[in-house]
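Colleague: Listed below are the residues making up each chain.
There are 2 protein chains.
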Amino acid sequence: MVKKENKIEEIARRRGIFWTSSDIYGGVSGMYDYGHIGTLIKRKWENTWRKYFLGLNGNFFEIDCRNMMPDKVFKASGHVDSFVDPITKCRKCGGIERADHLVESILEGNFEGLSPGELTKLIREHRIKCPKCGGEMEEVGILNMMFPVMIGSSLGYLRPETAQGAYVSFPREFEVSRKRLPLGLAILGRAYRNEISPRNLLIRMREFDQAELQIFFNPDMINDHESFNEISLYNLRILSVDSRKSGIVHEISCKDVSVKLPKFYVYYMAMIQKFYLDVLGLPPEKFRFRELSDEEKAFYNKYHWDIELDIESMDGFREVGGIHYRTDHDLAGHQKVSGRDMDIFHDGKKFIPHVLELSFGIDRNVYAVLDMGFVEEMVGQEERTTLRLPRALSPFDCAVLPLVKRDGMDAKALEIRKTLTAAGMDVFYDDSGSIGRRYRRMDEIGVAACITVDSDTIASGTVTLRDRDTMKQVLIKDRDLAGKMRLYISGEPAESLGNAVIVKPEKNPDMNSGFTYSAQGK
Amino acid sequence: MVKKENKIEEIARRRGIFWTSSDIYGGVSGMYDYGHIGTLIKRKWENTWRKYFLGLNGNFFEIDCRNMMPDKVFKASGHVDSFVDPITKCRKCGGIERADHLVESILEGNFEGLSPGELTKLIREHRIKCPKCGGEMEEVGILNMMFPVMIGSSLGYLRPETAQGAYVSFPREFEVSRKRLPLGLAILGRAYRNEISPRNLLIRMREFDQAELQIFFNPDMINDHESFNEISLYNLRILSVDSRKSGIVHEISCKDVSVKLPKFYVYYMAMIQKFYLDVLGLPPEKFRFRELSDEEKAFYNKYHWDIELDIESMDGFREVGGIHYRTDHDLAGHQKVSGRDMDIFHDGKKFIPHVLELSFGIDRNVYAVLDMGFVEEMVGQEERTTLRLPRALSPFDCAVLPLVKRDGMDAKALEIRKTLTAAGMDVFYDDSGSIGRRYRRMDEIGVAACITVDSDTIASGTVTLRDRDTMKQVLIKDRDLAGKMRLYISGEPAESLGNAVIVKPEKNPDMNSGFTYSAQGK
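Residue numbers (the working numbering), protein chains in the order written: chain A, 7 to 528; chain B, 7 to 528.
Calculated directly from the structure, the hints in this document are not laboratory data. Note that this is a predicted model, so its numbers are computed, not measured. Do not take every clue at face value.
What the simulated footprint calls covered on chain A by chain B, stretch by stretch (three residues with Cβ under 8 Å from a Cβ of chain B suffice, anywhere in the stretch; the number is not a length) [as the list claims (entries may be wrong)]: (1) 66-80; (2) 132-139; (3) 178-190; (4) 271-280; (5) 390-400.
Here chain B is said to cover these stretches of chain A; the calculated rule only asks that three of the stretch's residues, wherever they fall, bring their Cβ under 8 Å from a Cβ of chain B [said to hold, decoys possible]: (6) 165-175; (7) 482-496.
Heads up, the beta-carbon is just placed ideally off N, CA and C, and yes, glycines get one too.
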């Protein structure tokens, strides 16, 4: 049986979603490019993220910083010393392996965060050998994961996270935004990590995109948030360190979570969960927050919970982001190394702001919705493959399809495309091939709705809207189409938009093999 | 007198448009970051570009490729061998200079494209010394401008242009888009050049953004374009090599230009000019195409014209983009080095597609509109500084300002902000400080309109809309506001939207010191 991961990769390549970068040269490990369908999905994810997270507070802004930064930035942040991977080399074939991953491939458990000495000991004790040639492994050493670059004659690095751009920009942005806290600085852009063993398609790349929001705030205020009451009874989906063994996710109200975690932190946990469940409309059971143990936490974080999504083709829950209370680690570090005073005066006090970081791996998130949306089912005798993407992330809001390319249907369809485009919608137009084949093409790239123009459209001004997931079709007056499409994208079921059409059955899809997105606020 | 360049830099820093990257560490030469206002302007430019250029043809798409590519890509493209700068080192202080720029700083003319030998000769003949210490310069050598990176254990480079990503993706995208030509692949993203002497703010950076569209087409079709007749009488603003001495820009119809240049090429020149003059609404006299001489042309281009804008603070016309007929240089190069057959079958023929490249430096374009929009004028006794940005590039479509923070005006203003935001507009809200001061703040960041909520709004439901450039105010019913704002953004003058309000004069601005954008199609 073909693995789901490989099926997704195949469809991604064939339909222009993603593929190995520079593949005519055999590709580069850990590098993928997005084709034009993937780019549309990624842009929609980014714009949905921007709109939602920047909309949380009038003092949250996006900035755009260079990917290359001078070495001192990363001395101050700790990355030069601490952003390292444990590696071990085979004495026989010279192959390099990440030591913790090598141990993990043989023994049960997670070995991230162990020291080189501890890892060497495990390798010796369990006689772990080179996975390529069976040779003996050398002592475990460490390798910095940043890419060094010479900028003119100065040493710099490609940023391993977007965050540092926001920290070094804080003094200026604090002035520009008239010295108000909390101040949020978001960066959407590239980050670079020279992974020893990149793997799992878009999940662990060497060059990837992040969407990160750094919230600078007065640490005295950490135990409250002005809107906490609004979410106080909202249940978070929590996997704490204690419940990790059982694997059971607990639904716990924000109020109860805030016994252990500060309210300012818990408030943003709720906002993150609402982004996934309400804005994207993912099924709750696919989402959880996972508490990290003291050994697993990044060195700069006081509280550190991962945002995890259940990605079937990657064996279950995987980290797609995190919420990190970084304290004053970064600003104090930059103050020390640069000599620039990072103290501010605020509320009659002098202090260095603390930082709450909301961090998201864009490519991982895109892969997660591809995985969740990927459904194969039998429709009559034929197999149908669908990407049940959240409607907000559909590469096109709809496809406009003339039934045939004559009798005025194509002209009418082009006119409808124009109207919908003018109404701000992303519309695909396709007039070649049988209508069934065109439906299947749209299903495979996740287009949420097909609008079909047929002889009834010419005669009586009605079009059909076909729902990607249910294949149900409804009749809509063409002059109402833009308004109805807007409702549809925001999550209305097709049935509520017009009278059902009895169509030659595409046959009922197996509704158990996937799920339907329902509640997409926009 | 303070130079305009320095004034723009000052306001950019103070208002959150751009500043030296990592400036708390003293900055890095050739690196600027965008603050949140600059980021909004840049995003608007990018989205305006996307909408217009991808809208030119249903077969034009955006893709998203890695910034790092393997060395073979750049061997094939010629960049490893030919993407070099002539440099010379001072024997005394060790300072490195770009040899052609050094010569240019002493002698009249443009010395790009001269060989190291020719440059050495000029330096010797004219006894040109080190500009820093007066020392003697060494023989001119060459330095590759690409940033090398080790990806795992493989050599790669950060791309010096986005284009190569589109070329190596061509075979896949050609399949995905069902083998139709012309096929357009656009990339908006970072490019990296290790400039010896980066300078002029956003104009020559080491890490910058490009918007490039590669159009793959059948070379047999180069002498026509299906829509050529529509622009046949449209006048292009042309500075040919022949007229360069006189500096006179000629307005020549596309039909006449197509005597010398292929129609497919001329058609896209017209589309580019329309982007600047019709979509952005720049004054025609600020725009021209500049023909490059054989010596100046990039090595891979058969036809190569620069897109130039008149940037006053940079001493006049500067390159902000180009239109390049790259022939089959790139695809043939990749075929040779990778072994992948780049031939396609199309229209019953086998051939390697040719490429027309439309290339734009995003940062240069952003700087150009900042420069063109920057106006200082006396209003009564006070100086007013305005950024007369094209309305389509305004960081916010409007600001909503309650006259005072009481009597229900603030609540009403917030309600209006919500309505406008729901109608898809980018709205800034500000309720602190005197109304005059708030107007000036919005003027300085180029916000196209201020909507003021006063006691009349509460009493009779009217707001005032204040035009940034003319300072004229008109009365508008609040329920009509979203529709009228849409007209305003698309270029309608404020006067046509409502009755003029007689206001305590902000005094007439000096209308000669700038220009007003008029015709912004959207």
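Colleague: State for each hint whether it applies.
Modeller: Taking the hints in turn, this is what the structure says about them:
1. Check result for the segment 66-80 of chain A against chain B: holds, 12 residues qualifying (beta carbon to beta carbon below 8 Å, three or more required).
2. With 0 residues bearing a CB less than 8 Å from a CB of chain B, the segment 132-139 of chain A misses the requirement of three and the coverage assertion fails.
3. Check result for the segment 178-190 of chain A against chain B: holds, 6 residues qualifying (beta carbon to beta carbon below 8 Å, three or more required).
4. Restraint check on the segment 271-280 of chain A versus chain B: 0 residues with Cβ-Cβ distances below 8 Å, three needed, restraint violated.
5. Look at the segment 390-400 of chain A against chain B: 0 of its residues bring a Cβ nearer than 8 Å to a Cβ of that chain, fewer than three, so the hint is violated.
6. Using a Cβ-Cβ cut-off of 8 Å, 3 residues of the segment 165-175 of chain A lie near chain B, which meets the minimum of three, so the contact claim holds.
7. With 0 residues having a Cβ less than 8 Å from any Cβ of chain B, the segment 482-496 of chain A misses the three-residue criterion, and the hint is violated.
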